[in-house]
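One letter stands for each residue in the lines below.
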Amino acid sequence: MKNLGIIIIMSFDFVKKLDFESEFFDLYKLSESAYGAIAKEDSMMGSNAGFIDIGDYLIIIDTTLNAKAADDLKHASLQYTQKEPSFVVITHNHLDHIIGNSIFDKSTQIFTSDQTLRNIRTEGRKSYDQLKDFDPEKIAELEESLETETDEEKILDIKNDLRFLKGVRSVKFLREPNVTFKNGCIIHGDKKNVHLQSFRKAHTDGDVIVYIPEEKVLFAGDLLFANRDPWIGSGDPEGWVFVNEELMGLDFKVVVPGHGSLASKDEFSLESKYIRELMELVKNKINAGEDPTQIKREDFSEELQSWNSICFGWNINFLAELLKKA
Amino acid sequence: MNYKKIDFESTYFDLFGLTEGIYAVISKNDSEMSVSAGILDLGNYLIIYDTLFYPGGTRDLYKAIKELYGKDPSFIINSHYHGDHMLGNHYFPINIPIISTSITAKRIKEDVFKQLKQFRKTAEEEIQKRKEMLNSDDAPFGEIEIHNDIEFYNDVTNPDFKIRLPNFLINNNLIINGTKKTLHLIPYGTGHTDSDIIAYLPDDKICFMGGLLNANLDDSWAPNDTGRFNAFDPSKLYKILKSIIEKDIEIYVAGHGGISTKKAVQMNMDFIKKYYLEN
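These protein sequences, in sequence, are chains A and B. The numbers in our numbering rise by one with no breaks, and the one at position 284 of the first sequence is 284. The number in our numbering is simply the position in the second sequence, starting from 1, with 326 added.
Worth flagging that the hints you see were computed from the coordinates, not collected in a lab. On a predicted model such as this, the values are computed, not experimentally measured, just so you know. Glycine included, every Cβ here is placed at the ideal spot set by N, Cα and C. Fair warning: there could be bad hints in the mix.
[Stated by the list, open to error] Simulated DEER-style distance windows between Cβ atoms: (1) Gly-233/A / Asp-333/B: 54 to 64 Å; (2) Lys-29/A / Glu-450/B: 43 to 53 Å; (3) Thr-150/A / Pro-528/B: 50 to 60 Å; (4) Pro-419/B / His-75/A: 53 to 63 Å; (5) Glu-21/A / Thr-483/B: 17 to 27 Å; (6) Lys-325/A / Ile-332/B: 58 to 68 Å; (7) Lys-573/B / Asp-105/A: 32 to 42 Å; (8) Pro-528/B / Asn-287/A: 30 to 40 Å.
Use the sequences and the hints to build the structure in full.
Have a look at this one:
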């Protein structure tokens, strides 16, 4: 997995890894104005993020799962642009992309789609409250269990739970975005223009992309999980494949995915392939009266077999429910 | 309607508080270039709706904002491309984003730059005309308007005068949720121009209409006469007004003429029907 990441990054000869010290992410200069913060494996950051300096304005993209990671992102943006953030753009409602919102000055406007704000106010707020109310003793137990647990999948699960539990505890409150758009908007800087566009029914209902056409750079949020199982259970798998087709029609040479290393159009193709294959596999199991949870990595096409994340099992359960209902 | 005049000195406009934090900037005179604007305090964000035409008016608008709030606006809105609503853009600091539709930005680029050239070309002659008017007994405008015009021509011929384009472009609704109030910016297609934005405050039942509404209409404005009534597409403007009159709004701030009610919206609809749709 790590090797694959290095190969991909090396193929972007125009991308420069910056010498910024952070325990949470590696920082890349992607173009004249765009910077990608790629979460280190196992870090508490929980997702990728980035920032764009368009001259008049500095735009932050996503605020991660942890206040300290968001703080590092803010410091990096100040160091490389000498600007304070003008806007923050939130790509979707999941907590691993929005927890750091509250560290930004209250005069910094936070943008997202209408639907994403609605989702933050409902399911985002609910998850946040549940995680905040989680018994601290049980958190300690979870941490202890890591020392004895040997099952790899369970270890991934526990680590993920701890990331979220600690993430919500890194902030005092969940700050909501305050400027919302229906379909999109364009921000013109004196150097570059940035397009924000929202999509219904993909990874979530209301995903936002941040696109710099002149520099062919795309921040995809969780519309792209690069070379790892995408989490398809809070959106619409078929709609997602359709949106990916639309995104591949855009002219870009590098993508900052929501999770995983820097990517290109190839990773969108693979992701769509994964979603289609998994839907087919689950459908076949159900039609044959078999248990979909018996699906193995080896059942996928070869290029998808090495993927590894906690979402694999979740996705099968989600699709099984979805297809049974259908 | 229950609103109060605010104690602010300007020869260009009167300032009215419509409700807490929402102010209408209403021109003192009735020339074609005298337009309304809005100051909207959403709590953590301050929004300006339209930046006026006369440089002195915009300077007073900025002064009013500073006196009221002691801070810069977070956003400026250009309701549409007509210069009388947006020539004041460049008096505001560059870091304040200016919101308009993509079409409005395009039309400013195409049309307003040309108009500025024309203003500059005729400035000397127009200033001379105005000076003569000051000594004349039958001047078509009042003394204040004449002085405003002279100041305008002097300002636009200054090489520092620039047209600042909107830089935050929307084509669908944008909602700004402040800590005290929520503002809906709603773009409409062809109507008064080929693209207009209203600023609607649902909780306060107030709507800033830009060029979509005239508070006063005169039959002499009809198209066959002076053409002062400006409708890019009368039948579509009628439909836009019909949809806006149906909203839960009590105060409509007209782009020209001032603070109004549904009665003014109906009057504009009747005017369009009479002079454009029934012929």
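Verification of the hints:
no.	hint	in the structure
1	Gly-233/A / Asp-333/B: 54 to 64 Å	59 Å, holds
2	Lys-29/A / Glu-450/B: 43 to 53 Å	52 Å, holds
3	Thr-150/A / Pro-528/B: 50 to 60 Å	57 Å, holds
4	Pro-419/B / His-75/A: 53 to 63 Å	25 Å, violated
5	Glu-21/A / Thr-483/B: 17 to 27 Å	54 Å, violated
6	Lys-325/A / Ile-332/B: 58 to 68 Å	59 Å, holds
7	Lys-573/B / Asp-105/A: 32 to 42 Å	34 Å, holds
8	Pro-528/B / Asn-287/A: 30 to 40 Å	50 Å, violated
Hint check: violations occur at hints 4, 5, 8; the rest are consistent with the structure.
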